[in-house]
Amino acid sequence: MCTLEKRGRLFLLKLTGDGEHRLNPTLLDNIRSAITQIRSDPSSSQSVLITTSDGKFFSNGYDLALAASDPPLRAVMAAKLQSLVADLISLPMPTIAAVTGHASAAGFLLAMSHDYILMRRDRGFLYMSELDIELVLPAWFMSMIRMKVVSPAAKRDVALTAEKITADRGLEMGIVDSSHGSAGETVEAAVKLGEEIVRRGADGHVYGRMRETLLREVLHAIGSNESASNGVRNSGSKL
Amino acid sequence: MCTLEKRGRLFLLKLTGDGEHRLNPTLLDNLRSAITQIRSDPSSSQSVLITTSDGKFFSNGYDLALAASDPPLRALMAAKLRSLVADLISLPMPTIAAVTGHASAAGFLLAMSHDYILMRRDRGFLYMSELDIELVLPAWFVAMIRMKVASPAARRDVALTAEKITADRGLEMGIVDSRHGSAAETVEAAVKLGEEIVRRGADGHVYGRMRETLLREVLHAIGSNESASNGVRNSGSKL
Numbered sequence: 001m002c003t004l005e006k007r008g009r010l011f012l013l014k015l016t017g018d019g020e021h022r023l024n025p026t027l028l029d030n031i032r033s034a035i036t037q038i039r040s041d042p043s044s045s046q047s048v049l050i051t052t053s054d055g056k057f058f059s060n061g062y063d064l065a066l067a068a069s070d071p072p073l074r075a076v077m078a079a080k081l082q083s084l085v086a087d088l089i090s091l092p093m094p095t096i097a098a099v100t101g102h103a104s105a106a107g108f109l110l111a112m113s114h115d116y117i118l119m120r121r122d123r124g125f126l127y128m129s130e131l132d133i134e135l136v137l138p139a140w141f142m143s144m145i146r147m148k149v150v151s152p153a154a155k156r157d158v159a160l161t162a163e164k165i166t167a168d169r170g171l172e173m174g175i176v177d178s179s180h181g182s183a184g185e186t187v188e189a190a191v192k193l194g195e196e197i198v199r200r201g202a203d204g205h206v207y208g209r210m211r212e213t214l215l216r217e218v219l220h221a222i223g224s225n226e227s228a229s230n231g232v233r234n235s236g237s238k239l
Numbered sequence: 001m002c003t004l005e006k007r008g009r010l011f012l013l014k015l016t017g018d019g020e021h022r023l024n025p026t027l028l029d030n031l032r033s034a035i036t037q038i039r040s041d042p043s044s045s046q047s048v049l050i051t052t053s054d055g056k057f058f059s060n061g062y063d064l065a066l067a068a069s070d071p072p073l074r075a076l077m078a079a080k081l082r083s084l085v086a087d088l089i090s091l092p093m094p095t096i097a098a099v100t101g102h103a104s105a106a107g108f109l110l111a112m113s114h115d116y117i118l119m120r121r122d123r124g125f126l127y128m129s130e131l132d133i134e135l136v137l138p139a140w141f142v143a144m145i146r147m148k149v150a151s152p153a154a155r156r157d158v159a160l161t162a163e164k165i166t167a168d169r170g171l172e173m174g175i176v177d178s179r180h181g182s183a184a185e186t187v188e189a190a191v192k193l194g195e196e197i198v199r200r201g202a203d204g205h206v207y208g209r210m211r212e213t214l215l216r217e218v219l220h221a222i223g224s225n226e227s228a229s230n231g232v233r234n235s236g237s238k239l
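Order-wise, the sequence lines are chains U and H.
Quick note, the first sequence lines up with residues 1 to 239 if you use my numbering.
Quick note, the second sequence lines up with residues 1 to 239 if you use my numbering.
Only chain U is shown next, with the shape it has when bound in the complex (with noise of 0.2 Å):
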């Protein structure tokens, strides 16, 4: 389901296997688990988390299937990815996502949940696909798309036209940061970022808290949405 793999300084979260990575209970808990594992890790404070995949997605979002199935599990999935993004949020080192496949929906939110979006450009899209399948943008979700994208109307292709976005598309509305000419040297590029970013030295913990007030209304918005407030948010504070 998921990877956890140390590299030097770089922590490497990859989702593993050909499928459609979709964000159901199992998985969802998996990459939680990761992220405690990550923030108990003694040397987190110094270091830098890139999230990617294998096969043709990074994520084609959530399990809507087992959801159609077993409609309390919709609820279920959608509360743990809020608690796995407000982890992320919170999380006490930079993130990047290296996206190497397509990332749809809760699966494009999860990207977006990163510092940093490097993208393949020969392949793959992100699509907020809620329109083309009829669902209705969670609040918080245009919470992080207000957040991340900054234009009108890229917020507005975004969100109301679920537009295919490639890497060079992504790139001139500004969610993605850099793309790349294939997987492999999306991930490199990752791992060269993280190094880059490591070697500036700042404190994790101090680059956590501020980016928890640069996100602020995303956190408010997971908030507000929470009913059981059982989302566990550890700002990893060095106090």
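To be clear, the hints were calculated from the coordinates, so they are not data collected in a lab.
Quick caveat, the model's predicted, so the values are computed rather than measured.
For each residue, glycine too, the CB sits at the ideal point set by N, CA and C.
Any given hint could be a false lead.
Partner residues are not named here, just some residues of chain U that face chain H (Cβ under 7 Å, in silico) [unchecked claim]:
1. M1
2. I133
3. E134
4. M147
5. S151
Take the given structure of chain U and dock chain H to it, following the hints.
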């Protein structure tokens, strides 16, 4: 005052006559009736609204002369415009403003209340005139400006310098989506864009709900402004 025409799946709302199309209570009521008519059309969830005008003006704003002669009407016009804009934000279809003349103050706001702004480039400008006529912009106008004008410099120029914004400048600032050689060409382009959007086949009700979420700060600011909560907000839910 205004006419409503249906062309295939496109609704064409036109502010008629050669005057300034000042947003007085009567015109605002006419516009709101037209919107109500549109909502009740059975094919509305697969349609697009295009708003345009005759003559030299898209709209020159509130009827300030009327307000000077009868001060309570100022608050009345403001309430009716808030209600109209809330209606436009929740409208279950994409909206295009084909700006073929000057749009000042509340008129500029009305244009910005649409998803797309197409504008003629040979004459006419968008003009947030309030600074020049010594009126303070209401908070909800500013909320709309924040959502529709991305860069800090552009927001400053719109709100605090009362710049007269031509189509070309509007394009630069990201307020205008495309500009065209004449009034007729602008309307033609709007029709073409409308037809393209219709072809995509997205569900209007979902679209409307998404837009409400995207622009919820504006709706919130509108709501906070209303003393008597009599603004009817039909979110056109599919349920």
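**Study point:** Hint check, U/M1 versus chain H [nearest Cβ-Cβ separation less than 7 Å]
**Key:** violated (31 Å)
**Study point:** When the least beta-carbon distance from U/E134 to chain H is tested against 7 Å, hint result
**Key:** holds (5 Å)
Check your understanding: Measuring from the C-beta of U/M147 to each C-beta in chain H, is the shortest one below 7 Å?
Key -> violated (12 Å)
Point to revise | Per-residue hint verdict: U/I133, partner chain H, C-beta under 7 Å | key: violated (9 Å)
Point to revise | When the least beta-carbon distance from U/S151 to chain H is tested against 7 Å, hint result | key: holds (5 Å)
In terms of the numbered hints stated before, the structure departs from hints 1, 2, 4, listed from lowest to highest.
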